[in-house]
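Protein chains: 2
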Amino acid sequence: MDKSRFSRPIDLHDVAVTDEFWHREQELVRTEVIPYQWEALNDRVEGADPSYCMHNFKAAVRQKEREGEQGKQFEAPAYSYRGFNALPEDPKHPDPDKFYGFVFQDTDFSKWIEAVGYSLVNHPDPELERIADGAIDIVCAAQLDNGYLDTYYILNGMDRAFHCLRWHHELYCLGHLIEGAIAYWQGTGKDKLLKAAERFADYVASVFGPEPDQCKGYPGHEIAEMALVRLYEATGKDKYLKLAKFFIDERGTEPNYFDYEGERDRRDNYKDTNWTFDLPYAQAHKPVREQREAVGHAVRAGYLYSGMADVARETADDTLYDACRNLWRNIVDRKLYITGGIGGTHEGEAFSYNYDLPNDTAYSETCAAISLAFFARRMLEIEAKSEYGDVMEQALYNTVLAGMALDGKSFFYVNPLEVNPEACAKDKRIGHVKPVRQKWFGCACCPPNIARIVSSVGEYAFTANDSTLFVHLYAGGSVSASFGTGEAGDDRRQLTLEGTSEIPWGGKASYTVHAGAQAPVHATIAFRIPGWSVPSGVKVSVDGASVSGVAAAELAGAFGAAGKSAEVRDGYLYLTGDWSDGETIAFDFPIPVRAKRANPQVREDVDKVAFVRGPITFCAEQADNGADLQLNRVDFARAGYDMKGVGVRRVDDVFGFPIVELSVPVLRLADDGLTPGEGLYADYAPAVEKAAELTLIPYFTWANRGVGEMTVWIRA
Amino acid sequence: MDKSRFSRPIDLHDVAVTDEFWHREQELVRTEVIPYQWEALNDRVEGADPSYCMHNFKAAVRQKEREGEQGKQFEAPAYSYRGFNALPEDPKHPDPDKFYGFVFQDTDFSKWIEAVGYSLVNHPDPELERIADGAIDIVCAAQLDNGYLDTYYILNGMDRAFHCLRWHHELYCLGHLIEGAIAYWQGTGKDKLLKAAERFADYVASVFGPEPDQCKGYPGHEIAEMALVRLYEATGKDKYLKLAKFFIDERGTEPNYFDYEGERDRRDNYKDTNWTFDLPYAQAHKPVREQREAVGHAVRAGYLYSGMADVARETADDTLYDACRNLWRNIVDRKLYITGGIGGTHEGEAFSYNYDLPNDTAYSETCAAISLAFFARRMLEIEAKSEYGDVMEQALYNTVLAGMALDGKSFFYVNPLEVNPEACAKDKRIGHVKPVRQKWFGCACCPPNIARIVSSVGEYAFTANDSTLFVHLYAGGSVSASFGTGEAGDDRRQLTLEGTSEIPWGGKASYTVHAGAQAPVHATIAFRIPGWSVPSGVKVSVDGASVSGVAAAELAGAFGAAGKSAEVRDGYLYLTGDWSDGETIAFDFPIPVRAKRANPQVREDVDKVAFVRGPITFCAEQADNGADLQLNRVDFARAGYDMKGVGVRRVDDVFGFPIVELSVPVLRLADDGLTPGEGLYADYAPAVEKAAELTLIPYFTWANRGVGEMTVWIRA
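Sequence order for the protein chains is A and B.
Letter by letter, the first sequence follows residues 1 to 716 in UniProt numbering.
Letter by letter, the second sequence follows residues 1 to 716 in UniProt numbering.
Worth flagging that the hints you see were computed from the coordinates, not collected in a lab.
Note that the coordinates shown come from a computational prediction; the quantities given were computed from them, not determined experimentally.
Hints may contain errors.
Pairs count within a copy or across copies, as identical chains cannot be separated in the list.
[As the list claims (entries may be wrong)] Okay, derived cross-link-like pairs now, DSSO-like style, lysine-lysine, Cα gap no bigger than 30 Å in a straight line:
1) Lys98 to Lys195
2) Lys98 to Lys192
3) Lys428 to Lys539
4) Lys271 to Lys426
5) Lys271 to Lys98
6) Lys690 to Lys596
7) Lys190 to Lys239
8) Lys3 to Lys286
9) Lys644 to Lys690
10) Lys434 to Lys286
11) Lys286 to Lys426
12) Lys271 to Lys539
13) Lys286 to Lys428
14) Lys428 to Lys98
15) Lys72 to Lys242
If we strip away everything but chain A, and leave its shape as in the complex, we get:
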């Protein structure tokens, strides 16, 4: 590994994403999702499943108070299993001293506080901060003296804590608590929750580890791995990195810990959970360095791979990075929807086998696309390669955003690429596919996950190291980076980019340098050349000196007039030189409409194409095109193979904010092919078709105009 290529996200205080695209999304999160979610955490949303999240923390506090009062008289609860999702017998009168909800319900709070933390960075809000501080007080008061903090076991009986790692979620709760605590600390400077998370992490580090008297287990649902690396980075405490590495190194090794757990339960005739466990479901079927195919629960997988990349970077572990690259290749070459979604099957919410990417029965969980963005960003932090950025962008602009309605009030868990509402209503086989977004889920992972990634999108747009500022996503706004090691000959110096971007709707983006008092500032600024703009010539100008092309040879020395050297590496354009105030770097990326075909091993998509333009994947909806979308076939005679015949129009009035629509020339099977009396089967004859135009909208905007058909793939 080449450590000089490593980079890290920039502190969100130093990033302001202000372009209309992302600002709108962030404002939705701030004004709709975060307040709504707080109500949900407190079971005050009419018609939605109660979360019981704050209820559980309060119950744990009450229990602790009783313990304090009763002292040695206090009888701690002896563990009893009450189900993976325990509900009160009388929903109107939950017992104030009992745990309810899913075993991982604590994380509702952690995900909320994480989004709150990011939001407060750019949008101080004393009232929100007051509410958050109050919640943190309750959460911290629930923590046991030894640092343990998962109300599921605190309330149900600590005697079985850490006894069911494969199904229960204590380490998952730890991971989310760390992520939330760090975000809130970053957003407010307040470290009360961070200290609580550290204490929990310290306790976990005492229980798990390589010493003979330590447990050799690891998380059933991953996330602690990447969270611990982040905690290491936030605190500088090496033990958290060691624990993350331990979890990763231990995973899937023999004797298999999850098998051991099941065998122990079988021996003890302990029947709360199954004795057998599907190891690939939790990526525990072999040591992670030997895994070459992405398998199992897709969110778990994405979180694991992210943690692996984190540890690989922090420990400069080539074998671990190799494993990350193998898994990346398998996902991108075999298991990735063109919407940036992953995890094709609802069976285990999992990756299906290679090339199995069904459209109408797709799972493609919102959180799985988010986990892919996590993974991609971490791969970028190791090496800036445009492919990582392309996939991250594809996930973010399509499936991640599709997870949330345009009014921020309803959410998709599942993101199909084809919907026939009749099938959703009548076909139990696709009971998981909903034609409209749902208000909230009892298992509410996706809404807060969208909230936290949208609020922190600046961390995905920009990373930096001592010499280079990387622009991965062309977000409009500003970003400041500091360069230099501070050692002799390499003074610390700061540089700010401020710019505007048309992306995703147009191809122009322009950044102006602010070098401040230290100008000129010597630095490298590296810009991702998006895959969607290649191989057409990219137009770049630096302070007026302009050049077209993408190859290194075309760019080398091109900016001599501006005093910059240019290099292209792995799809990034590195501009190095002394930067002065007011210098402008402008891009004009070609953003043509492209009709994409899938590898014909994807049986579902043979003879079909999907339309993309820039980072946006498009789809056809019944609202624009009527029913029976399967009747339409792309008319290449009019569209041209270069898709120059496809209309591109900016519209402002469909959803109340600007988007780009496509108008695709199609041939539509004539209605007389549908005469009901005709019966089912007729002798083949060339189709009778009529020329028509098919309106395509961005995939992330689908299902905002009532129930109707939708399809991403269109007959070719």
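Use these hints to put chain B onto chain A, whose structure you have.
Just chain B now, kept in the frame of chain A:
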């Protein structure tokens, strides 16, 4: 209804199906299936799930003997629910006094004895008859004094008999017992089992009926309806017809009996089975005369519709026949696979919504295709319309036969139209789809169902009434029919047809008349003009007088020279006149290859075609064509829209008996479209294809050469 058009199957003693196609299948049943099945009934098949069928009958006999010995001391078992499929704790030592297996396990015997009965008609076999008599002795000894005969309740407790009609299967057991008993009586003249079936039916008729003190329930799993009509016809006892009509008239009326059962159980807090019941699953959601869409469990549905048609004919009930026609139209126009299969979804083994006919996730149970053949034959018995015969033929020659391996030793329950073995192995969503036939099933409905329909195929080929002999299927062999009412001016007279047939492999069939001593015999012989031969000109000759065409005008009077009048009605050619010995009716049906497209509402099949020739539907297998069948596209430039470019070849060596293979010119996507490194998505470009030939085999012969891909639908 026009009663003069009614007809009935001909006694199997008067039919001999000897053509090589059907004779081979019947011999398989006789030599393989029936002996194997007897071993299975007695739990003597190594590696197969035990049936426990004869075990249960013997246990019931033992119990009855105990009762006889103990007299009033005998304590009858009080009902306890032991599950829908009760298995012994120690499989090696089942308790000889307990019931095991599915609640409907008695029917294994009834289905077996039915096949035995048919088989003995044409192939007397004293040893088999001895075994069967022995089994009948045991079964009859198990019958209660009141006539009740279902070992499930006899052994588990009669106090809950007839208390769970929606899920348990007493009336289903009654139906199969009747069918088996009649077949054995027909085959051997022995009526011991028939008398037992009558006694059970008498008891059921005392429990269920319109009187105020009778139960208003009806079968959860239909079959008793058609069986009771058959019992009425066999015995002349009107009460059986009345009971059948009662079951049909009562079904789905308000207050709904199945809802009542559930509510009663809820009231009594009786928790063995769900209180709620999916009424459409059992076609009990509305009165049968108001049902216009085929819904629910497809076998149940097909059996119900068959019973409805029987009762409609026997009672000349137009409203009931209208309902049958509505349901028929819905199946044939919306819910029928091109393989003659029905019931597209494994969820409830049921009809899916209109036009939902998935290929790779298909259910298409063998028994459902059999039930469709039942229904079609009964529709033919009301009115001879070629459409009914076409569908019956399509079901029989494709899905029904596909249910059994060519060696008669393994069976499909599920009949997909597309198989990717990797998906079968890895995708739990299609866990029901097997790429190879299974040895036997615990729930062994399909193998014996195939056995009984193949053994009695003569009943599907020919029906007759007082004036007309109908030839529905062109089976080679002989059939005798009696004409005349026996009243003055209409003497009873007999006529025999003896003939040969190339169908399904060729289009020629020829029948010679044997009129015997009464010659010439005045009669009408009606021949189905198969839909697959229309609109090409059918060539018909009667005693040398030959004509081509299918319209009435083309045929009327054409056979004057032979002294016959000709009429075409609903796709049947009626030849009327005085028939003498040696007169020959010969057909030359065009049997072209046809490429069929589906109605484009069948989303799965858009842009695809399936190949049929005569009654046979074809498919492509990996064994002939390599993997990746999805890469092939029909090359219409070479095949021609008339499919004259498709090769038709008779081969004898592939499966050891003659079949016809097709050779279809295709264009195959070049392998370089599959370069693994290419990734998943590429810009669309016209496909690079290579000309190739795709070998198609009859669908019913698939999966007899190991595991591989298969597809019926091919890209067009």
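Worksheet item: Tell me, which hint numbers fail for this structure?
Response: Violated hints: 3, 12, 14 and 15; rest satisfied.
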